[in-house]
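Peer 1: Knowing the structure of chain W, use the given hints to seat chain B on it.
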Amino acid sequence: GAVVSQHPSWVICKSGTSVKIECRSLDFQATTMFWYRQFPKQSLMLMATSNEGSKATYEQGVEKDKFLINHASLTLSTLTVTSAHPEDSSFYICSARDLAGAEETQYFGPGTRLLVL
Amino acid sequence: GENVEQHPSTLSVQEGDSAVIKCTYSDSASNYFPWYKQELGKRPQLIIDIRSNVGEKKDQRIAVTLNKTAKHFSLHITETQPEDSAVYFCAATPRMDSSYKLIFGSGTRLLVRP
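Just so you know, the protein sequences line up as chains W and B, in that order. Per my numbering, residue 55 is the first one in the first sequence, and the count goes up by one each step. Per my numbering, residue 8 is the first one in the second sequence, and the count goes up by one each step.
Be careful, since some hints might not be right.
Quick list of in silico lysine-lysine cross-link-like pairs, BS3-like style, CA-CA up to 27 Å [unchecked claim]:
1. B:K78 - B:K65
2. B:K29 - B:K49
3. W:K120 - W:K68
4. B:K44 - W:K95
5. W:K118 - W:K95
6. W:K118 - W:K68
7. B:K49 - B:K75
8. B:K78 - B:K29
9. B:K78 - W:K95
10. W:K120 - B:K49
11. B:K44 - B:K29
12. W:K95 - B:K49
13. B:K75 - B:K29
14. W:K95 - B:K29
15. W:K120 - W:K109
16. B:K49 - W:K68
17. W:K120 - W:K95
18. B:K65 - B:K75
19. W:K74 - B:K65
20. W:K95 - W:K68
21. W:K109 - W:K74
Keep in mind that the hints were calculated from the coordinates and are not lab data.
For reference, chain W alone in the conformation it holds in the complex (with noise of 0.2 Å):
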């Protein structure tokens, strides 16, 4: 139980263009997902917590109009990267908490690693 993928696992994309990425809890509800971005050799940084429902909560430095966050399910969030650059290259992962589980715990999603040509 208590699975998050994501999709898709990696893009390449060109300088400009926009990708959305997908999270997605399989057997479980999440009122509540959050998205990370780590750099190589580096920590997850948190960017967003994203609410069913209602707007997601930027972290700070984190621009919202850039990384636009949609959480449309109990199931379901997206994030797009807008107009992409290359310093946005990076891995992107997501989690999600599971609704009738243990409030604190989050479950992490495969990644999605963005590579910005």
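Peer 2: Same frame as chain W, but now just chain B:
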């Protein structure tokens, strides 16, 4: 906001020895402290967690201790094996909001030498 510091950044031990990774946090109201293991290119995996009403928790070869007064918690791995080699992250949940977001430490790269 919450700040989590982790050390050492790298740790090399001989197979069978113990490994200890330490973290400190700044928000005295934080009450949930998970530890994650991340292998190269993969997702973080929860290996153990502890809540602020408990001082120690053990799961086979892995244990976590928490000192709330010092705002300090540690991961202990005994009888290390080569497959324990990975990056380990500690985290804390600040209680300033109800989202239960996690603030991660900088990570420790553990190498277990056969």
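Peer 1: Next, verify each hint and record whether it holds.
Peer 2: For each hint, the structure was consulted:
1. B:K78 - B:K65: 19 Å, holds
2. B:K29 - B:K49: 23 Å, holds
3. W:K120 - W:K68: Distance of about 16 Å is within 27 Å: holds.
4. B:K44 - W:K95: Satisfied, since the Cα-Cα distance of roughly 14 Å is no more than 27 Å.
5. W:K118 - W:K95: Within the cut-off at roughly 25 Å; holds.
6. W:K118 - W:K68: The given pair, whose Cα atoms are some 21 Å apart, holds under the 27 Å limit.
7. B:K49 - B:K75: Judged against 27 Å, a Cα distance of about 31 Å means the pair is violated.
8. B:K78 - B:K29: OK: K78 of chain B and K29 of chain B at ~11 Å, within 27 Å.
9. B:K78 - W:K95: Since the Cα atoms of K78 of chain B and K95 of chain W sit roughly 26 Å apart, the hinted pair holds (cutoff 27 Å).
10. W:K120 - B:K49: The given pair, whose Cα atoms are some 25 Å apart, holds under the 27 Å limit.
11. B:K44 - B:K29: 14 Å, holds
12. W:K95 - B:K49: 13 Å, holds
13. B:K75 - B:K29: Holds: K75 of chain B and K29 of chain B sit about 14 Å apart, inside 27 Å.
14. W:K95 - B:K29: 19 Å, holds
15. W:K120 - W:K109: Within the cut-off at roughly 14 Å; holds.
16. B:K49 - W:K68: 25 Å, holds
17. W:K120 - W:K95: Roughly 24 Å between the alpha carbons, so the hint for K120 of chain W and K95 of chain W holds.
18. B:K65 - B:K75: 18 Å, holds
19. W:K74 - B:K65: 40 Å, violated
20. W:K95 - W:K68: Within the cut-off at roughly 24 Å; holds.
21. W:K109 - W:K74: At roughly 17 Å apart (the allowed maximum being 27 Å), K74 of chain W and K109 of chain W satisfy the hint.
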